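> The sequence shown: position 166 = 166 (full-length UniProt numbering), numbered continuously.
The hints are simulated quantities; they were obtained by calculation from the structure and are not laboratory data. Everything numeric in this text was worked out from a predicted model, so none of it was measured. Beta carbons are placed, not taken as given, at the ideal position from N, Cα and C, and that holds for glycine. Each hint can be trusted.
Simulated crosslink set (DSSO-like; lysine-lysine; CA at most 30 Å straight-line):
id, residue 1, residue 2
1, 175, 29
2, 175, 151
3, 113, 370
4, 93, 159
5, 151, 29
6, 152, 167
7, 175, 152
8, 370, 93
9, 370, 167
10, 152, 411
11, 29, 93
12, 34, 152
13, 240, 152
14, 167, 93
15, 29, 167
16, 411, 175
17, 34, 93
18, 298, 411
19, 240, 411
20, 370, 29
21, 370, 220
22, 151, 240
23, 151, 411
24, 93, 152
25, 411, 159
26, 34, 370
27, 93, 240
28, 151, 93
29, 220, 175
30, 298, 240
31, 151, 298
32, 175, 159
33, 159, 34
34, 151, 34
35, 29, 152
36, 220, 113
37, 34, 175
Just the calculated beta-carbon pair ranges, DEER-fashion:
id, residue 1, residue 2, range
38, 6, 400, 39 to 49 Å
39, 363, 411, 40 to 50 Å
40, 182, 159, 27 to 37 Å
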Amino acid sequence: MPNPLSYDAEILIVGGGTWGTAISYRLAKRGFRKITILEAEENPSPIAAGNDINKIMEEPISPPSDQDSDLEYTWNLIETLATEVWRTDTIYKPHYHETGFIYAAVGDAAYAKVVDSVNGAEHVYEPVNAFKDTMPGGVLTRDFPGWVAAKKTVEAVFKESQRMGVKSLTGHQGKVEILIFNDSNTDITGAETADGTSHYADCVILAAGANSDFLLDFEKQLRPTAWTLAHIPLTDDEAKVYRNLPVLYGVDRGFFIEPNPDGRELKICDEHPGYINLIHDLQQIPVESEQRIRELLKETMPQLAEMEFSFARICWDADTADRLFLIDRHPQYHSLVLAVGGSGHGFMCSLAVGILVANLLEDTLDRRAKDVLRWRPEAAVNRDWWATQGRFGAEDVVMDFQAVIRWTDIKAL
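Working from the sequences, and respecting the hints, build out all of it.
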């Protein structure tokens, strides 16, 4: 693959979820003219983690600095790039809601992480009523940055990408079964889909989220990890009460976000280090997850704790060993570009991922970020698949779906 890549090059994006869509949009904006997305599901894909009513949005505490460590610099760069697009891009901007962000914890270790993360930007409320007074009336009935409209964002970005000429194949025509190697097995030149068609390109971008590991040996760099959520239906009057509610994120309990402006559903997630072991066709959440969600509501909004859930789902992502993205050309297959490893940050930073991939193809990727986000199997040697990776909640352990005994029957996808 030429370096930089020609704007007339054939580009194939494997995966049309959050990252694949964001990458196609940014490449088209940069002037790449021959882009095709291969995705089994119609956009927005019902199995994509980004097909959700909303996601937490965090802004950087400070821009990247020469004084930062390489890891701090790269993360500050990613958040800064994403925030700038959320605030200025006409396609993304309408879907960013700056309601505020409350970062909290119950356990000592979790609270220590909160204090360390805010790095001097915290505000202490004493007495507790001073904190409650910051809430809309009638919301937090117990003593004690913002969000983005996820599904609407993906739909808007996909629509604009198509307007700019991006092609998309779905169903059997878009379901990638294998990547295609050249005759000498020294490069990847395309992908074969379920209908038997071989699609060839000058550049193949693998952005298939947790499913990427099924198409390429990542040498233990990716761990498919899942989280759980549920929705509570609200009446019109109830929805008005919860408008402009700040995101409440308890790092060892869970979080909830105000209803979308045109919706009447409150999304609640139980926080935990994740479930692993991918089970195909799994749609329900465990009963233990439902119980944790209701405990969060009892502690914060007990008036909702016993309400029936209208929807529940499992969201899959892929964790790298250090929870930083993997964005790089494959060291052996130079026509293959990797954009994987969302590690729980994938949606809010998908805009930055699009920019970073475009910069990689144009050979303008920031030097320090390039080194941090590179192909790095050495970081996964002797990897502990049960590592919590700085996450809290439940019993502060990674859980196994295969050990779950009871499942809910809440409406799912």
